[in-house]
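2 protein chains.
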Amino acid sequence: MNASTLRREPLEPLLLDSLRQLLGDRLSTAAAVCAHHGRDESYHAPHAPDAVAFVHSTEEVVAIVKLCAEHKTPVIAFGTGTSLEGHVAALAGGVCIDMSQMNRILRVNLEDLDVLVEAGVTRKQLNEHLRDTGLFFPIDPGADASLGGMAATRASGTNAVRYGTMRENVLALTVVLADGRVIRTARRARKSAAGYDLTRLFVGSEGTLGVITELAVRLYGIPEAISAAVCAFPSIESAVDTVILTIQSGIPVARIELLDESQMVAINRYSKLDHKVAPTLFFEFHGTPAGVAEQAEIVKAIAGEHGADDFQWATTSEARSKLWQARHDAYYAALALRPGSKGFATDVCVPISRLAECVEATQRDIAELGLLATIVGHVGDGNFHTAPLFDPEDRDEMKRIESFVERLVGRALAMEGTCTGEHGIGQGKMKYLEREHGAAAVELMATLKRSIDPLNIMNPGKMVQV
Amino acid sequence: MNASTLRREPLEPLLLDSLRQLLGDRLSTAAAVCAHHGRDESYHAPHAPDAVAFVHSTEEVVAIVKLCAEHKTPVIAFGTGTSLEGHVAALAGGVCIDMSQMNRILRVNLEDLDVLVEAGVTRKQLNEHLRDTGLFFPIDPGADASLGGMAATRASGTNAVRYGTMRENVLALTVVLADGRVIRTARRARKSAAGYDLTRLFVGSEGTLGVITELAVRLYGIPEAISAAVCAFPSIESAVDTVILTIQSGIPVARIELLDESQMVAINRYSKLDHKVAPTLFFEFHGTPAGVAEQAEIVKAIAGEHGADDFQWATTSEARSKLWQARHDAYYAALALRPGSKGFATDVCVPISRLAECVEATQRDIAELGLLATIVGHVGDGNFHTAPLFDPEDRDEMKRIESFVERLVGRALAMEGTCTGEHGIGQGKMKYLEREHGAAAVELMATLKRSIDPLNIMNPGKMVQV
Chain S
1 MNASTLRREP LEPLLLDSLR QLLGDRLSTA AAVCAHHGRD ESYHAPHAPD AVAFVHSTEE
61 VVAIVKLCAE HKTPVIAFGT GTSLEGHVAA LAGGVCIDMS QMNRILRVNL EDLDVLVEAG
121 VTRKQLNEHL RDTGLFFPID PGADASLGGM AATRASGTNA VRYGTMRENV LALTVVLADG
181 RVIRTARRAR KSAAGYDLTR LFVGSEGTLG VITELAVRLY GIPEAISAAV CAFPSIESAV
241 DTVILTIQSG IPVARIELLD ESQMVAINRY SKLDHKVAPT LFFEFHGTPA GVAEQAEIVK
301 AIAGEHGADD FQWATTSEAR SKLWQARHDA YYAALALRPG SKGFATDVCV PISRLAECVE
361 ATQRDIAELG LLATIVGHVG DGNFHTAPLF DPEDRDEMKR IESFVERLVG RALAMEGTCT
421 GEHGIGQGKM KYLEREHGAA AVELMATLKR SIDPLNIMNP GKMVQV
Chain U
1 MNASTLRREP LEPLLLDSLR QLLGDRLSTA AAVCAHHGRD ESYHAPHAPD AVAFVHSTEE
61 VVAIVKLCAE HKTPVIAFGT GTSLEGHVAA LAGGVCIDMS QMNRILRVNL EDLDVLVEAG
121 VTRKQLNEHL RDTGLFFPID PGADASLGGM AATRASGTNA VRYGTMRENV LALTVVLADG
181 RVIRTARRAR KSAAGYDLTR LFVGSEGTLG VITELAVRLY GIPEAISAAV CAFPSIESAV
241 DTVILTIQSG IPVARIELLD ESQMVAINRY SKLDHKVAPT LFFEFHGTPA GVAEQAEIVK
301 AIAGEHGADD FQWATTSEAR SKLWQARHDA YYAALALRPG SKGFATDVCV PISRLAECVE
361 ATQRDIAELG LLATIVGHVG DGNFHTAPLF DPEDRDEMKR IESFVERLVG RALAMEGTCT
421 GEHGIGQGKM KYLEREHGAA AVELMATLKR SIDPLNIMNP GKMVQV
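Chains as they are written, first to last, in the working numbering: chain S, 1 to 466; chain U, 1 to 466.
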């Protein structure tokens, strides 16, 4: 079934009674609560669930899933609602399981550099908790998302180039399966060759195979020294070539972000800065004081070879915060270019050797189609975002945006890239899944889905058609 | 079915004819060839396949798998036969697909730091090929294994602490499924959130879900500077505490290996060295000359705080090679302690906070049970090996070894570790799978196996009982 064929039926009164008995006033059917839980931060149409369950334990999730399985009722897990492909919309109604009250940090293992948390813990909450330990959790998708949600969408962000994505940083998950059984996908060892990689099966499964209730993730020592720099380039190509050579040289850069000319206009205006309007790289270096200085000197030299002449330091923590706040506000800065409009978020990722070509062709498309769109990229990974602004009432603009996205994804796929580097498939990219992976691979995904969730109750209508 | 219930039937003549027609003299039924392909480097009893197919292309693998599926005949992929848990034994007979002639390096992407190879390419062959590019492939399990085999067993080795395991370093796989369909698990982008993680599903699946025929793996720039060091410690605990603090401090050590007293005796004798007989760490540092020097100074200081006073450098490439050759020969050095004996390889991995305790208890078991066994460990990952020597004819010794392994695995599991850090489950550790993961998780693994290989023809009798 897919979004268009999903049938929506009201919750059975018997199910509702049982849920109420289980959760008391932690079950809500209030219209406002349901509406809030049926939408994320994307342009996708909201679909409210029939009820929202604010759970406190894995056992409660088990009880809910068992009841829903009995009644063949959809179950949608909800973290903070910051996904970007309509992941939480209750396309066929059902019960939303809100994880936000499962927000206990269960166990920090300082010597092992890992932590066990409930799925509703957010990344900022975790880092706040870790403040005095000398450790931190690096993955930073921008939003203050829940760790369960980040695992479910295989999130990453600005420092994946150094620390990896959720794929590399989840050690183990506790998952409630579609029939209410609970599994723990792995133990706490750093590596294991014991059986199929169940952890990675659920990381990125977008709630379609089970509900993640707890997770163990890796932590890192807070670097002794951090420094940041900004550097404008004569062209996208020279900026990307700088990145390629930096990575080939083994410089363990912690962040390396590309902002195009339009994005620099937007952040200068929004964040009241006066950066040069040119393709620009933001860098962050982590290490010892000497190591960070050496890394930055090498990168500065590489940038110089590529025509960049204004490598600017941001060594104080204030200057650094200001710089990265501007980067984090890039999306809001872009939206502010045309107040009242929305952004149609895109997320392609290509081999870095094709990145400059891909970004430049995208800029030409933006101009040609008369769109207003800025580009920012996690350029060390070959991943970039552009979110053309739109007015949902303007049919012509929507058409041009659809044509733009079609070209963008087609180009990324032609360059051996992916339609989504970190946002996930959700509803929005289901149509690209087969073009990206081929019919046999998508059929294998459907086989996995059917064998693990035969009733299709786990977040139905998302990712893969069954 | 499991090893004991697998029924062995002779190959159907019709199947044999079709295979001969397909492969000509690249199909062998010679006893010596079949015998060679039914054993690996472990103590497990060999089981020869009925025929060995030396394939040249994915298309040939497809044709063989389709024929075998028609005749419900087992298919066992074979790389270099260096696995350690009886992975390649043809427990129910069938056709062995020898990948060694699929050994072309198809495409090196210098700017993207990746390479596409056929599954039969070995790691040394790849690094030889890369010699003039400035890049290298780091994963080093000791043996010169094929990359397809390394992916299938989720191999790692001495430098996983810095570069990760095959899990982190495989970008994409071409896999022939049990019905002959071919999938490509991912494209060439560094990261992707597009659908279930099929790559990781097949990495570590030990040939039980499909035959890997091609793979894309990550490459790294050869570090500008490499240095190595050896350091003896007053105790296992002080050595492990040094490792913990090194990693907490964010030192990107490339290799950090623990050898216990007995292992030092063995390598001194075997490799004609004169290292102090004490718990010892071998280090390797990768980076810029200044970075490497700084890393080593910090580690030396940490070691000093833990009572180590003879931190010795091996900066020349000769001294380094000698040191690491000794480490690579550790297993042969141990075997030479009692010529003619075999080693019963073990492979537990525990959270590093429990490692010293685990190693020390294991040493006590070795003494108590009157076994001859040395210990070496990839200590940055919490993974260590001990291979008690045995004479297969000595029933009493075998019994003591079984009891030893039982205690070792039980202890690792009690410490939240795994029964196998890098060797895999194969035949030898199937009995531990449920104790490690629980019944529900193992049942999920069996569900995956049944849904992807419903006829149970892919390497039957290994990893998970179906």
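Watch out, some of these pointers could steer you wrong.
No copy is singled out in the list; a pair is fine if it fits within one copy or between any two copies.
Think about it this way: if two alpha-carbon atoms lie no more than 25 Å apart in a straight line, the pair counts; the simulated SDA-like pairs of lysine to any residue are [said to hold, decoys possible]: (1) Lys66 x Glu434; (2) Lys322 x Leu6; (3) Lys342 x Leu455; (4) Lys342 x Ile366; (5) Lys66 x Gly438; (6) Lys66 x Thr447; (7) Lys272 x Glu294; (8) Lys72 x Val277; (9) Lys66 x Glu443; (10) Lys431 x Glu12; (11) Lys272 x Leu455; (12) Lys272 x Phe54; (13) Lys300 x Gly438; (14) Lys300 x Glu224; (15) Lys300 x Leu110; (16) Lys66 x Ala439; (17) Lys272 x Arg26; (18) Lys72 x Glu443; (19) Lys431 x Ala336; (20) Lys431 x Arg181; (21) Lys300 x Thr288; (22) Lys300 x Glu111; (23) Lys300 x Pro252; (24) Lys342 x Leu273; (25) Lys300 x Gly134; (26) Lys276 x Ile222; (27) Lys124 x Gln248; (28) Lys124 x Ile226.
If you're looking for bench data, these hints aren't it; they were derived computationally from the structure.
Status of the hints after comparison with the structure:
Taking the closest pair of Cα atoms, Lys66 and Glu434 come within 25 Å of each other only across two copies (24 Å); inside a single copy the shortest separation is 32 Å, beyond that limit. Taking the shortest Cα distances, Lys322 and Leu6 never come within 25 Å of each other, neither inside one copy (46 Å) nor across copies (66 Å). Taking the closest pair of Cα atoms, Lys342 and Leu455 never come within 25 Å of each other, the shortest separation being 36 Å inside a single copy and 51 Å across copies. In this homomeric assembly, Lys342 and Ile366 come within 25 Å of each other (Cα to Cα) only inside a single copy, at 16 Å, whereas the closest approach across copies is 67 Å.
For the homomeric pair Lys66 and Gly438, the shortest alpha-carbon distance between copies (20 Å) is at most 25 Å, but the shortest distance inside one copy (34 Å) is not. Proximity of Lys66 and Thr447 under a CA criterion of 25 Å is satisfied in both settings, with 22 Å inside one chain copy and 19 Å between copies. Taking the closest pair of Cα atoms, Lys272 and Glu294 never come within 25 Å of each other, the shortest separation being 31 Å inside a single copy and 40 Å across copies. Proximity of Lys72 to Val277 under the C-alpha cut-off of 25 Å is found in neither arrangement, the shortest distances being 55 Å within a copy and 66 Å between copies.
Only between protomers do Lys66 and Glu443 lie at most 25 Å apart by alpha-carbon distance; the minimum there is 18 Å, versus 27 Å within a single protomer. For a Cα distance limit of 25 Å, the shortest separation of Lys431 from Glu12 qualifies neither inside one copy, at 32 Å, nor across copies, at 44 Å. In the homo-oligomer, the alpha carbons of Lys272 and Leu455 never lie at most 25 Å apart, since the shortest distance is 53 Å inside one protomer and 65 Å across protomers. With identical chains, the CA atoms of Lys272 and Phe54 are never at most 25 Å apart, being 41 Å at best within one copy and 67 Å at best between copies.
For a Cα distance limit of 25 Å, the shortest separation of Lys300 from Gly438 qualifies neither inside one copy, at 42 Å, nor across copies, at 52 Å. For a Cα distance limit of 25 Å, the shortest separation of Lys300 from Glu224 qualifies both inside one copy, at 21 Å, and across copies, at 18 Å. In the homo-oligomer, the alpha carbons of Lys300 and Leu110 lie at most 25 Å apart only across protomers (22 Å), although the nearest pairing inside one protomer, at 35 Å, exceeds that limit. Taking the shortest alpha-carbon separations for Lys66 and Ala439, only the inter-copy value of 18 Å comes in at or below 25 Å, while the best intra-copy value is 33 Å.
Taking the closest pair of Cα atoms, Lys272 and Arg26 never come within 25 Å of each other, the shortest separation being 44 Å inside a single copy and 71 Å across copies. Within a single copy, Lys72 and Glu443 get their C-alpha atoms as close as 23 Å, and across copies as close as 22 Å, so both meet the 25 Å cut-off. Taking identical chains as interchangeable, the C-alpha atoms of Lys431 and Ala336 are never at most 25 Å apart, the minima being 30 Å within one chain and 61 Å between chains. Taking CA atoms no more than 25 Å apart as the test, Lys431 paired with Arg181 passes between copies only; the shortest distance there is 22 Å, against 32 Å inside one copy.
Both within a single protomer and between protomers do Lys300 and Thr288 lie at most 25 Å apart by alpha-carbon distance, with minima of 18 Å and 16 Å respectively. Taking identical chains as interchangeable, the C-alpha atoms of Lys300 and Glu111 lie at most 25 Å apart only when they sit on different chains, with a minimum of 19 Å there against 36 Å within one chain. For a Cα distance limit of 25 Å, the shortest separation of Lys300 from Pro252 qualifies both inside one copy, at 14 Å, and across copies, at 22 Å. In the homo-oligomer, the alpha carbons of Lys342 and Leu273 lie at most 25 Å apart inside one protomer (23 Å), although the nearest pairing across protomers, at 70 Å, exceeds that limit.
In the homo-oligomer, the alpha carbons of Lys300 and Gly134 lie at most 25 Å apart only across protomers (21 Å), although the nearest pairing inside one protomer, at 29 Å, exceeds that limit. Taking identical chains as interchangeable, the C-alpha atoms of Lys276 and Ile222 are never at most 25 Å apart, the minima being 32 Å within one chain and 36 Å between chains. For a Cα distance limit of 25 Å, the shortest separation of Lys124 from Gln248 across copies, 21 Å, qualifies, whereas the shortest one inside one copy, 32 Å, does not. Taking the closest pair of Cα atoms, Lys124 and Ile226 come within 25 Å of each other only inside a single copy of the chain (19 Å); across copies the shortest separation is 37 Å, beyond that limit.
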